[in-house]
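There are 2 protein chains.
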Amino acid sequence: MDVSAAATAAPRPGEDALAALAALLRDDLEETNRLIVERMDSPVALIPQLASHLVAAGGKRLRPLLTLAAARLCGHAGRRHIGLAACVEFIHTATLLHDDVVDESALRRGRASANALFGNKPSVLVGDFLFARAFRLMVEDGSLEVLRILCDASATISEGEVLQLTIQNDLATDEATYLQVIEGKTAALFAAAAEVGAVVAGRPAAEQAALRAYGHNLGIAFQLVDDALDYAADQTALGKTVGDDFREGKLTLPVLLAHARGDAEERAFWQRTIERQEQTPEDLARAVALMVRHGAIDATIARAGDYAARALAALAPFPDGAVKRAMSDVVAFCVERAR
Amino acid sequence: MDVSAAATAAPRPGEDALAALAALLRDDLEETNRLIVERMDSPVALIPQLASHLVAAGGKRLRPLLTLAAARLCGHAGRRHIGLAACVEFIHTATLLHDDVVDESALRRGRASANALFGNKPSVLVGDFLFARAFRLMVEDGSLEVLRILCDASATISEGEVLQLTIQNDLATDEATYLQVIEGKTAALFAAAAEVGAVVAGRPAAEQAALRAYGHNLGIAFQLVDDALDYAADQTALGKTVGDDFREGKLTLPVLLAHARGDAEERAFWQRTIERQEQTPEDLARAVALMVRHGAIDATIARAGDYAARALAALAPFPDGAVKRAMSDVVAFCVERAR
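Heads up: the sequence lines are chains A and B, in that order.
Be aware that the first sequence starts at 9, since it is given in our numbering, and climbs by one per residue.
Be aware that the second sequence starts at 9, since it is given in our numbering, and climbs by one per residue.
For reference, chain A alone in the conformation it holds in the complex (with noise of 0.2 Å):
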């Protein structure tokens, strides 16, 4: 695609990609937007009108999307797809709750963050009811592998970010620790997304590993491009707050690289922004600059284009259509929105 374009208007190609996957899944989508907003609802008024401001904020959607389509992609003929979809998205909304209290983002999704207007508090103990409420549409479904698939999932996802916490700071962190990360965090929730789709439709063992695989190296890329954008994006398109990452001092991608790259002086640069956390104003930009220098951005990128041709070539068992199509497209979504 072209830069320029991607610098000055929506939507911009791999939008279009995620926006076509949503309109061929309208029906499965509008069910599972119902069932969201049925079953974030409590006598408690606080949780909904707290749930709501993230789930209305009109996320993406791209998790129970992926769920969605993986059901699709094996011919499932039910609607057990819609409750798991529902589920993956609570998991995926207490995440961002529990993230919020952690890196005290000032933006998500473009609006000030739950955490912000609501305060820590209701952060927490809202992003448990959602989690509870995820595992009870689980539950409802009624299949122990679903459940096992996705408890491992969430276990994951916390120990991705409790090891995220570790590595702060700490420019002495290698790349393979960097990748355990990111699968954490981000990767295994994608990947059992879309593992979970084959499950419901009953496939076997190896089209639910090759969606596990989509999901998982999907996953990945994503990561690697966000990690990359938060030193590059456009925040008025992205709604996401440029620097974030290296105003906490989070270990990505892009700073190993220029840091792995650098002179003595950059070192001692990075040494001192990154693991003292010693930032004056003008420090974003020269880290971005250093980045530049050393294509520590172009890389990350690059990296994410690996992942993405490895999360393509695992829908090649899949019989081709509509649906693996827009999966395919939405895998360029990933990668392209960084450029």
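Some hints could be false.
To be verified - If you anchor each label on the Cβ, the simulated ranges turn out as follows: (1) B:60 <-> A:300: 44 to 50 Å; (2) A:45 <-> B:35: 32 to 38 Å; (3) B:153 <-> A:317: 54 to 60 Å; (4) B:292 <-> A:68: 32 to 38 Å.
What the hints assert, rightly or not - Output of the computed footprint for chain B on chain A, the stretches with three or more beta carbons under 8 Å from beta carbons of chain B: (5) 46 to 56; (6) 157 to 171.
What the hints contain is simulated information worked out from the structure, not anything from laboratory work.
Just so you know, even glycine gets a beta-carbon here, dropped at the ideal spot from N, CA and C.
Please arrange chain B on chain A, whose structure you already have, making use of the hints.
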């Protein structure tokens, strides 16, 4: 029991009752403890490190003991109750971790809270990890009925906690709402912990309901006493900071009663200290004095006695024996620790 003894020496009669139950179920409890340690492990070192801080602090294991005891009372001969007891403790520990974020408690089980030592971020995320592990244990148990019971308990816990935030500082709160809060934050898990003991034993619905009622009423009694102790406890003996609730402006029954029974000048005191949270170091002593004057603490403990009687009555259908006796004595523990 002798009031003066309670103020001076441990163990007190109530704690003897809990120790007796633990002794009666020693093998089961040890197996549960081993499983807890095994399942809170993770390659991410901070997770077992933080979790064991709470678990190793030697909590009373009251909730898992309810599961173990209920299963034994129902004649369960298998090992399923072990996994579910561990699961119940994980849910409880996760709730404590998230509650520490919320309440900024300085003390928890007589040690610095995990939150104070490790910070809010890891507490939230390790809590999430333990929730996921709890659900994994249920999935391994394989009973959808158990999963439903504990999922619903988890949702009810967070609803209770959010409702508690909603009424914070609000002296217009009525007793029904206060009861709804403690039903959620405390009684729901007590009820579920006891109920699943009957479920794994394959007992009929009436016995499941009876054990649920036992746990529910015990939980209410336990929390009422806890709320009374916050204005009366010997801090060293209980590892609890007296006045935490007061400093947070938490609306508990002692406050509601003292406020309702106070004159205009006293109401102004409660409005300043609880609603506006303008407090001086002398205010806690004044609050306690007003409660004593109006019998608010005694009335709260008397109310706990009513629920304790219901808990005892719920055990009536079960055969007499050592387990039933010990479960009855635990009810006494929950109330007598306040005397």
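Structure-based check of each hint:
Range check, residue 60 of chain B to residue 300 of chain A: about 45 Å between beta-carbon atoms, so the 44 to 50 Å window is met. Distance hint for residue 45 of chain A and residue 35 of chain B: a CB-CB separation of about 48 Å, inconsistent with the stated range 32 to 38 Å. For residue 153 of chain B and residue 317 of chain A, the Cβ-Cβ distance of about 45 Å falls outside the hinted range of 54 to 60 Å, so the restraint is violated. Evaluation of the 32 to 38 Å hint for residue 292 of chain B and residue 68 of chain A yields a failure: the beta carbon distance comes to about 50 Å.
Requiring three or more residues with a Cβ within less than 8 Å of a Cβ of chain B, the coverage given for the stretch 46 to 56 of chain A holds, as 6 such residues are present. With 10 residues having a Cβ less than 8 Å from any Cβ of chain B, the stretch 157 to 171 of chain A passes the three-residue criterion, so the hint holds.
This entry does not satisfy hints 2, 3 and 4, going by the numbered hints stated previously.
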